[in-house]
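**Q** Below, each chain spelled out in residue letters.
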Amino acid sequence: MNFLAASIESLGARFVGWFGVGYGLFAFAGRAALLLLDRSTWNRATYDVVIKQVYFTAVQILHVFLGYALVISWLLITIILSTAREFGLTEFATEMTIRVLVLELLPFLTALFIALRSGSAINTEVALMRVNNELDALAHCKVPPMQFEFLPRLIGGVISVVVLAALAGLLALLLAYLSIYGLTMAGFDAFTQTVAKIFDFRIVAGLVIKCALFGLAVTLIPVVSGLETPKKLFMVPVSVLRGMMRVFFAIVAIEVLSLALKYI
Amino acid sequence: MVAQDDGVARVALELPLRANLTAVDNIALIPLYQRHFDAAESTRQARAMLDALGYGDIAALRDPDMTPAQRFVTQLARALMLKRPRLIIDRPGAMLYDVPYPAFIAQLAARPEIDGTWEIYDFDWNLALYPQ
Amino acid sequence: MNTVKSNPFHFKVGLFVAFSLLLLGAFLVYLLHARGFFEDTYRLKLAAATADGVAPGVPLVFSGIEIGSVSALGLNDNGGIVINIELLERNAKWLKQSSTFTLDKPIVGGAKIRVDSPDLKANPLPDNSTMLLLTSDISKEIPVLVERVKAILANVEHLTRKDGEIVATLANVQTVTGRMTGEYGVLEGVLGSPEKAQALTDSLDKTRDLITRLDGLALKMDGMAAKTDTWLFAEDGMAAQTKASMIQVRAMLDDAQSSLKKADALMANAVEISSDVKEGTQDIARLRAEIDEAVRRANALVNEINKKWPFARDPEVKLP
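Protein chains in written order, with the numbering used here: chain C, 9 to 272; chain H, 101 to 232; chain B, 163 to 482.
In short, the hints are calculated from the structure, not lab data.
A virtual CB, placed ideally from N, CA and C, is assigned to each residue, including glycine.
Treat the hints with care, since some could be wrong.
Rough simulated footprint, nothing fancy, chain C against chain H, three-plus residues with beta-carbon under 8 Å [claimed, not checked]:
1) 117-127
2) 132-145
Straight-line alpha carbon distances no greater than 16 Å define the calculated EDC-like cross-link-like pairs of lysine to aspartate or glutamate that follow [said to hold, decoys possible]:
3) C:Lys205 x B:Glu228
4) C:Lys240 x H:Glu114
5) C:Lys239 x C:Glu103
6) H:Lys183 x H:Glu219
7) B:Lys258 x B:Asp281
8) B:Lys207 x B:Glu248
9) B:Lys258 x B:Asp278
10) B:Lys255 x B:Glu201
11) B:Lys255 x B:Glu228
12) B:Lys207 x B:Asp239
13) C:Lys150 x H:Asp106
14) B:Lys255 x B:Asp202
15) B:Lys174 x C:Asp56
16) C:Lys205 x C:Glu103
17) C:Lys205 x B:Glu248
18) B:Lys255 x B:Asp281
19) B:Lys255 x C:Glu94
20) C:Lys239 x H:Glu114
The following block holds chain C by itself, in its conformation from the complex (with noise of 0.2 Å):
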């Protein structure tokens, strides 16, 4: 019984614990939502973190991310075509290419792409940043620093995640193309018809909201999960481990609501 009632508990702490942070997640997202109407926050100073930010976060690794998506994009174009051909399925390969990898396998790849290379720094910056005081310091001083530290980092975040899935998924288009009817114009109507019809408002924005969404996720969620931090240096690496486990279930969770959406 007391087996029970001890499993219980602990079901009840992790629930209570689990609802906390995902409240703690909203109200940060609400706030800096509402910082986002303020007059005062679109500053030069502002504007120029949120340059730098999206400069760390997408530019920087362009030429990396740009390759990688290549590379992915290269070999599932491959498989499905073989496996097409096979089956004498041809006709579906170009749709199932564009519906594959430009609306599911590129954004969540980028996503966990941004998440491991920035999301880790992120968390980790604003851990440090809590444990060195330096968050207090500004405090003392009464600079907010939602407004230069953490906006820009989510502003940064959702623009990277969303221009960097779309070049990749630009690629992954002509690269179809060019694996279906190579380098001719022929296949062009064909190829335009299929897209105009994958591509309907719908899934466009759909597509557009679940990119910023995974943005906010791996921006968001680390910045959280650092101000979470106990003022110990040691507990940094685990803020940071937390924080990305956080953020992997965060992005796996909108990504199957996107398809259940779309799907079902």
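Since chain C is already given, all that's left is putting chains H and B on it; use the hints.
**A** Structure of chains H and B alone, referenced to chain C:
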């Protein structure tokens, strides 16, 4: 410890600079986000403050690149920028461990552009270091 | 200092953003073009007897390339299915007045509506026109039609067999004619004028003519029924029949059958009338009218079958 209130600007070890911002950017945060000046004007004010203390050349340095004295000056400039009625230097010995700090602080305070009085909180066994 | 330091960031980020925006803008324009934002939508209605397998989104395929899709489907007042198809103006050029629309339900993959335009120089199909949707699985329909036609043929044969009424009548007429001096003999006498007698023999001639034509048709149909491969017909355009037109053909065949039966009965009557001429000028006039009617209907039937069966196409088919 001195209570944190709006009337007091503190210079203390536990109120460090923002590590990935330069000295001038650290100081410029205050006019920028408290008084809503634009970025150029804020930077100009921060630079003027550093010049007033005689340390205009450290403007582009970040926290890890500074000597303790430079770091202290930047923190002091930030505290001055807050323009609060009282300015407290909390245990300067912890921050200024590479210079004879009472003389160093006195020299900074004596600069013509700087006004106001600074309060120094220090351990009483260091009292002998202060001339007055 | 600040601005100098962030210059490389600004430049690179600016380059990145400009490049990305350019690409995305180009893609957006391409997408809008692909989705026909810059051109009008061309609408087409397809009439079908059943909407089995058709749903919004089912593609309209020309030469293996999708050129449009089903936007909606509904019922008209007569219980027929009306399928609305939308396609882009630039794709509408493949639709001709001589085009046929066939519903394909392959074993693998979704249903699609295939357009065949054998003559690309034919007149273009106007916007909002209504066409018949044929179904390619005619294999189910052929035996039914053949049975129906066979029934008629049996009936007609019954009229024409060696000891049949028509032969008897004709023989009778001939004997009478032989006996009489006038060109149309007794008939002339009975009917009161050479024209009327001529009309009757003409009718009988027409009936015989019809019989031979129906015979020929039966041969064609038998030949087709022997070929069981459905798409073999489809490739020749031979089996391009819809359930709708099947129903129509069936109705007409029924009609013709009953007319011929009536004619059959009247023929039998005619034998008696011929042997008892005093009785009925009235009856003979009715007989002639009935035979004419039967011949007219049967002729129409043969024409219709010829038209709908592979040998000719008629875009102006009436709706079910």
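**Q** Each hint: holds or not?
**A** Hints versus structure:
1. Three residues within the 8 Å Cβ limit are the bar, and the segment 117-127 of chain H against chain C gives 4, so the coverage statement holds.
2. Residues of the segment 132-145 of chain H with a Cβ under 8 Å from some Cβ of chain C number 8, which satisfies the need for three, so the listed coverage holds.
3. The hinted pair formed by lysine 205 of chain C and glutamate 228 of chain B meets the criterion: a straight-line CA distance of about 9 Å does not exceed 16 Å.
4. For the hint pairing lysine 240 of chain C with glutamate 114 of chain H, the CA-to-CA distance comes to about 14 Å; that is within 16 Å, so the pair holds.
5. Simply put, lysine 239 of chain C and glutamate 103 of chain C have alpha-carbon atoms about 52 Å apart, too far for the 16 Å limit, and the pair is violated.
6. At roughly 14 Å between alpha-carbon atoms, lysine 183 of chain H and glutamate 219 of chain H fall within 16 Å of each other, so this suggested pair holds.
7. Taking the CA atoms of lysine 258 of chain B and aspartate 281 of chain B, the gap is near 8 Å; set against the 16 Å cutoff, the hint holds.
8. This hinted pair checks out: lysine 207 of chain B and glutamate 248 of chain B have alpha carbons roughly 9 Å apart, not beyond 16 Å.
9. The straight-line distance between the Cα atoms of lysine 258 of chain B and aspartate 278 of chain B is roughly 9 Å, inside the 16 Å bound, and the hint therefore holds.
10. For the proposed pair lysine 255 of chain B and glutamate 201 of chain B, the alpha carbon gap of about 14 Å is at most 16 Å, so the pair holds.
11. Restraint check for lysine 255 of chain B and glutamate 228 of chain B: satisfied, since their Cα atoms lie roughly 13 Å apart, inside the 16 Å limit.
12. Annotation: proposed proximity of lysine 207 of chain B to aspartate 239 of chain B holds, straight-line Cα distance about 15 Å (limit 16 Å).
13. Taken as a hint, the lysine 150 of chain C and aspartate 106 of chain H pair is honoured in the structure, with Cα atoms around 9 Å apart against an allowance of 16 Å.
14. Only pairs whose Cα atoms come within 16 Å are accepted, and lysine 255 of chain B paired with aspartate 202 of chain B is accepted, the gap being roughly 13 Å.
15. The straight-line distance between the Cα atoms of lysine 174 of chain B and aspartate 56 of chain C is roughly 13 Å, inside the 16 Å bound, and the hint therefore holds.
16. With a C-alpha separation of about 9 Å, the suggested pair lysine 205 of chain C and glutamate 103 of chain C falls inside the 16 Å cut-off, and the hint holds.
17. Restraint check: the Cα-Cα separation between lysine 205 of chain C and glutamate 248 of chain B comes to about 12 Å, which is no more than 16 Å; the hinted pair holds.
18. Restraint check for lysine 255 of chain B and aspartate 281 of chain B: satisfied, since their Cα atoms lie roughly 12 Å apart, inside the 16 Å limit.
19. Our distance criterion of 16 Å between C-alpha atoms is broken by lysine 255 of chain B and glutamate 94 of chain C, whose separation comes to about 34 Å.
20. Using a Cα cut-off of 16 Å, the hinted pair lysine 239 of chain C and glutamate 114 of chain H holds, with the two alpha carbons roughly 12 Å apart.
The structure fails to meet hints 5 and 19 from the earlier list, while all remaining hints are met.
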